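> Protein sequences appear in the order of chains H and X. First residue of the first sequence: 5, per the working numbering; consecutive thereafter. First residue of the second sequence: 5, per the working numbering; consecutive thereafter.
It should be emphasised that the hints constitute simulated quantities derived from the structure, not laboratory data. It cannot be assumed that every hint is accurate.
Interface residues of chain X toward chain H, partial, derived using beta-carbon atoms under 8 Å [as the list claims (entries may be wrong)]:
id : residue
1  : Q28
2  : R61
3  : Q63
4  : V115
5  : C127
Just so we're clear, the structure is a prediction, and the values are computed from it rather than from any experiment. All C-beta atoms, glycine included, are put in the ideal place defined by N, C-alpha and C.
Number of protein chains: 2
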Amino acid sequence: MPRPLAPLASPDDTEAQFYEALQQGDIDKLMAVWADDEDVVCIHPGGPRLVGLSAIRAQFAALFAHGSIQAQPERVRRMHAHDSAVHSVIEQVRVMTEDGPRSVLVVATNVYVKTALGWRMVCHHASPGSPHEPTEAGEAPTTLH
Amino acid sequence: MPRPLAPLASPDDTEAQFYEALQQGDIDKLMAVWADDEDVVCIHPGGPRLVGLSAIRAQFAALFAHGSIQAQPERVRRMHAHDSAVHSVIEQVRVMTEDGPRSVLVVATNVYVKTALGWRMVCHHASPGSPHEPTEAGEAPTTLH
Numbered sequence: 005m006p007r008p009l010a011p012l013a014s015p016d017d018t019e020a021q022f023y024e025a026l027q028q029g030d031i032d033k034l035m036a037v038w039a040d041d042e043d044v045v046c047i048h049p050g051g052p053r054l055v056g057l058s059a060i061r062a063q064f065a066a067l068f069a070h071g072s073i074q075a076q077p078e079r080v081r082r083m084h085a086h087d088s089a090v091h092s093v094i095e096q097v098r099v100m101t102e103d104g105p106r107s108v109l110v111v112a113t114n115v116y117v118k119t120a121l122g123w124r125m126v127c128h129h130a131s132p133g134s135p136h137e138p139t140e141a142g143e144a145p146t147t148l149h
Numbered sequence: 005m006p007r008p009l010a011p012l013a014s015p016d017d018t019e020a021q022f023y024e025a026l027q028q029g030d031i032d033k034l035m036a037v038w039a040d041d042e043d044v045v046c047i048h049p050g051g052p053r054l055v056g057l058s059a060i061r062a063q064f065a066a067l068f069a070h071g072s073i074q075a076q077p078e079r080v081r082r083m084h085a086h087d088s089a090v091h092s093v094i095e096q097v098r099v100m101t102e103d104g105p106r107s108v109l110v111v112a113t114n115v116y117v118k119t120a121l122g123w124r125m126v127c128h129h130a131s132p133g134s135p136h137e138p139t140e141a142g143e144a145p146t147t148l149h
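Next up, chain H with everything else stripped away, as it sits in the complex (with noise of 0.2 Å):
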């Protein structure tokens, strides 16, 4: 597999390669940002729960034979502990319907955690947002010890 294109040196420069990923369809850019174990999770909206990478590498290739996946993540609210982190994120996803594109949210937590091989993506949980998903004050990161 090609090693990332990025060092991955912080969980927002992994966050950003997750994305991008997501926007060009470039499957081996986005199972570089995982980390390699086995017990990593992926959930896509409305869809099971998948485990490890052969399964998560196996979704994600098969929702790409449809065409990348414009999602835009947006509000991120940030959690860092000293070799993790938690992203909770509203995705902006343009999909097209019968009456044209059109943008549905999307909640996401994603979290990483600090590999000898850069932050790396352990879970990333995506779900159907509300129509209107409440706007909170303050998006500055926190440290929580």
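Add chain X to chain H, keeping to what the hints say.
Chain X alone, transformed into the frame defined by chain H:
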């Protein structure tokens, strides 16, 4: 706020107290598992993203006004780092329908962080599961590094 009854000495302890509190409809016990952080995140199935302890407490209190929540965690997948843990669980949730009680599946991602006050929950993301969640082999925890 009352102190937690248990020392929350491990992510499993904290998770056990979380689900006990749901099953007992005990709001103080439930809130005692959360980290004291303004950016903690909770997402109920189909609901909006809730950020911060006040919003999370208000929503659970509203749910408990209708009774406790009979959610039973199963098939837990654990990923542990030094000071954080991600648990992916399939919840069997007992709900009342016009045809009587039945169980629905919910997929939940629970993230815990080690603090001076023990392991605390920083994220609970729950979304409707597929009717037939695939089964996977292996439930042992892994250490990423």
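> Now, for every hint given, state plainly whether the structure supports it.
We went through each hint and held it up to the structure:
no., hint, verdict
1, Q28, "violated, 26 Å"
2, R61, "violated, 15 Å"
3, Q63, "violated, 11 Å"
4, V115, "holds, 5 Å"
5, C127, "holds, 5 Å"
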